[in-house]
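Q: All residue numbers for the sequence shown refer to UniProt numbering, where the first residue is 1 and numbers rise by one.
These aren't lab readings, by the way, just hints derived from the structure by calculation.
Just to be clear, a hint being listed does not mean it is correct.
[To be verified] The calculated SDA-like cross-link candidates involving lysine to any residue, where the alpha carbons are at most 20 Å apart (straight line), are:
(1) 128 <-> 50
(2) 66 <-> 233
(3) 33 <-> 16
(4) 198 <-> 87
(5) 244 <-> 87
(6) 33 <-> 23
(7) 128 <-> 74
(8) 198 <-> 97
(9) 53 <-> 87
(10) 33 <-> 110
(11) 87 <-> 110
(12) 72 <-> 85
(13) 198 <-> 141
(14) 33 <-> 10
(15) 244 <-> 233
(16) 85 <-> 49
(17) 72 <-> 244
[Said to hold, decoys possible] Cβ-Cβ distance ranges computed for the label pairs, FRET-style:
(18) 10 <-> 61: 45 to 51 Å
(19) 12 <-> 65: 19 to 25 Å
(20) 252 <-> 124: 33 to 39 Å
(21) 230 <-> 194: 32 to 38 Å
All C-beta atoms, glycine included, are put in the ideal place defined by N, C-alpha and C.
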Amino acid sequence: MHLALSSRPIVRTCQVCNLSYTIGAPEDEDLHKRHHARVVAGIEWSRGEEVSKGVEVIEEGVMVGKGKTKTKGRVLAFEGSCSGKVKSKLNTLLETINTELSAPSLSDTALASSKIFIFVLPSGTSKKEKVVGCVLAQRIDTAMRVVTRSDIIEDNRTTEGRTIMIDSDESGGLYCDPTPLPTPLGVSRLWTSAQHRKKGIATVLLDAACRRTVYGCELDPRAGHVAFSQPTTSGRAVMMRWGKGGCRIFTE
């Protein structure tokens, strides 16, 4: 008896880092190993990169975590139009984030108008750290109000039915009123490495974005000053908890 064994390559999508790669292909497996490590533990950051023009130390000695997980980190910021070593690091960071979140790449125009906030933690040596959190923020004009289930029921009683579904997943749909409302700040990417989630890092970065993105203004998410671009399930939870239901949705 002869068995016909398929010679087709086996493509697997990692459930942790969301990268699809070919099993048995050395280059693919090496790519997965490096990407997986960045998603789980963060991306290397050297203090030498901070000498680049435009990199700003926003805050140092920021305590995050609780109990045995407590640790101190730093918040840095730079423009999306950066260059040199920081630009190279930003490209790696965005590639990692977009792959894990299944998000499209930002256009050059959108990236250039964005401000990037990162949270870095010590990585065992005085000169090496790791980026374990990131927020991309930009000025926007309008966004849509998120509506609750009771809002949807009330809306369906009318003849107009203006509520629209933005996204749907296992936690349910995300609905908005499509009426554009003036909103100054948009968050297009929100990411924390797997090992450092639930430590308050996302909140620290979002607070920094509110203070430092729009010159002369300290924005309040509870008042509808901040919008997110179609957040993931976990991102939606952060959005609702941080903004107390006041955050909005915008399209990139």
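Q: Please work out if residue 33 and residue 16 have their alpha carbons no farther apart than 20 Å.
A: Status holds; Cα separation ~12 Å.
Q: Could you grab the alpha-carbon distance between residue 87 and residue 110 and see if it respects the 20 Å cut-off?
A: Judged against 20 Å, a Cα distance of about 15 Å means the pair holds.
Q: Mind checking the hinted window 45 to 51 Å against the Cβ distance between residue 10 and residue 61?
A: Holds: the Cβ-Cβ distance is about 48 Å, inside 45 to 51 Å.
Q: For residue 244 and residue 233, compute the direct alpha-carbon distance and say whether it is at most 20 Å.
A: holds, 16 Å
Q: Take the C-alpha atoms of residue 198 and residue 97, compute the straight-line distance between them, and say whether it is at most 20 Å.
A: Answer holds: residue 198 to residue 97 is near 17 Å, not above 20 Å.
Q: Hey, residue 198 versus residue 87, does the alpha-carbon distance stay inside 20 Å?
A: violated, 28 Å
Q: Residue 128 and residue 50 were given as a pair; does the straight-line alpha-carbon distance stay at or below 20 Å?
A: holds, 12 Å
Q: Hinted pair, alpha-carbon criterion (20 Å max): residue 128, residue 74. Please report holds or violated.
A: holds, 13 Å
Q: For the pair we were handed, residue 33 and residue 110, check the Cα-Cα distance against 20 Å.
A: violated, 30 Å
Q: For residue 12 and residue 65, compare the CB-CB distance with the range 19 to 25 Å and indicate the outcome.
A: For residue 12 and residue 65 the Cβ distance comes to about 33 Å; the hint is violated.
Q: Is residue 72 within 20 Å of residue 85, Cα to Cα?
A: violated, 25 Å
Q: Is the hinted pair residue 53 and residue 87 satisfied, with a Cα-Cα distance of at most 20 Å?
A: Holds, because 11 Å separates the two Cα atoms, which is no more than 20 Å.
When held up to the earlier numbered hints, the structure conflicts with 2, 4, 5, 10, 12, 13, 17, 19 and 21 and fits the remainder.
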